[in-house]
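Undergrad: In case you want the letters, here they are:
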Amino acid sequence: DVKVTQSSRYLVKRTGEKVFLECVQDMDHENMFWYRQDPGLGLRLIYFSYDVKMKEKGDIPEGYSVSREKKERFSLILESASTNQTSMYLCASSVAGGITDTQYFGPGTRLTVL
Amino acid sequence: GNSVTQMEGPVTLSEEAFLTINCTYTATGYPSLFWYVQYPGEGLQLLLKATKADDKGSNKGFEATYRKETTSFHLEKGSVQVSDSAVYFCALGRGADGLTFGKGTHLIIQP
Chain A
1 DVKVTQSSRY LVKRTGEKVF LECVQDMDHE NMFWYRQDPG LGLRLIYFSY DVKMKEKGDI
61 PEGYSVSREK KERFSLILES ASTNQTSMYL CASSVAGGIT DTQYFGPGTR LTVL
Chain B
1001 GNSVTQMEGP VTLSEEAFLT INCTYTATGY PSLFWYVQYP GEGLQLLLKA TKADDKGSNK
1061 GFEATYRKET TSFHLEKGSV QVSDSAVYFC ALGRGADGLT FGKGTHLIIQ P
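The listed protein sequences correspond, in order, to chains A and B.
Each step along the first sequence adds one to the number in my numbering, with nothing skipped, and position 1 is 1.
In my numbering, each number is its position in the second sequence, counted from 1, plus 1000.
None of these hints come from the bench; they were simulated from the model.
Every residue, glycine too, gets a C-beta built ideally from N, C-alpha and C.
Heads up, some of the hints might be wrong.
The calculated label-pair distances, taken between Cβ atoms and stated as ranges, are [claimed, not checked]:
{"id": "1", "chain 1": "A", "residue 1": "Lys53", "chain 2": "B", "residue 2": "Glu1015", "range": "48 to 54 Å"}
{"id": "2", "chain 1": "B", "residue 1": "Lys1068", "chain 2": "A", "residue 2": "Lys57", "range": "25 to 31 Å"}
{"id": "3", "chain 1": "A", "residue 1": "Thr112", "chain 2": "B", "residue 2": "Asp1054", "range": "43 to 49 Å"}
{"id": "4", "chain 1": "B", "residue 1": "Glu1069", "chain 2": "A", "residue 2": "Thr86", "range": "38 to 44 Å"}
{"id": "5", "chain 1": "A", "residue 1": "Lys53", "chain 2": "B", "residue 2": "Leu1046", "range": "44 to 50 Å"}
{"id": "6", "chain 1": "A", "residue 1": "Leu41", "chain 2": "B", "residue 2": "Ile1108", "range": "16 to 22 Å"}
Just need the whole structure built from these sequences, with the hints factored in.
TA: In structure tokens form, the structure reads like this:
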């Protein structure tokens, strides 16, 4: 089975802190994604990566950055956390290819910024 | 641009009732379509998918048919169970650029 793990299930940070959310997948997938999930808004794509050291902006990249130094690991960085970044963050991965690709999701990290 | 619209929830049904959750989409080209399910406290799991017009995806008693003429991908199940209580997301694929999700439909099944 594909396994996508995220470093924390719950995280509480202070405004202005630098926050790292880590995601690791064990299926040698090329593509990795970060989404945030908010009530009434569904999931929105923040950043994605289709190769090591490659990154692309999603629909809502402002206030975030990412890092992909190894194929299996994709990190989401909040340079200076703000209260409007309180959310559930979901990581996903998929094999390279066309539009039929299934994405596999991690369990999510619920981040609270105080 | 791409967008997905699904019915607002929560949807509350009795056990063994028939379920329909509507999903329509707007997209360029011919995207793949997906239904994901999120059980309480968990991440999203793929429920079913369809990759071209008239395809029917099915899994665990759930079905959805890719209707290009109505740009729809409605989710159906003939007899729901309490264990089906979850949030259901319709999504369309953008290839390596990720998925575009609907806002989710919270389904509650009462015994």
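Undergrad: State for each hint whether it applies.
TA: Status of each hint after checking the structure:
no.	hint	in the structure
1	A:Lys53 <-> B:Glu1015: 48 to 54 Å	51 Å, holds
2	B:Lys1068 <-> A:Lys57: 25 to 31 Å	30 Å, holds
3	A:Thr112 <-> B:Asp1054: 43 to 49 Å	45 Å, holds
4	B:Glu1069 <-> A:Thr86: 38 to 44 Å	42 Å, holds
5	A:Lys53 <-> B:Leu1046: 44 to 50 Å	28 Å, violated
6	A:Leu41 <-> B:Ile1108: 16 to 22 Å	20 Å, holds
Hint violations for this structure: number 5 only, all remaining hints satisfied.
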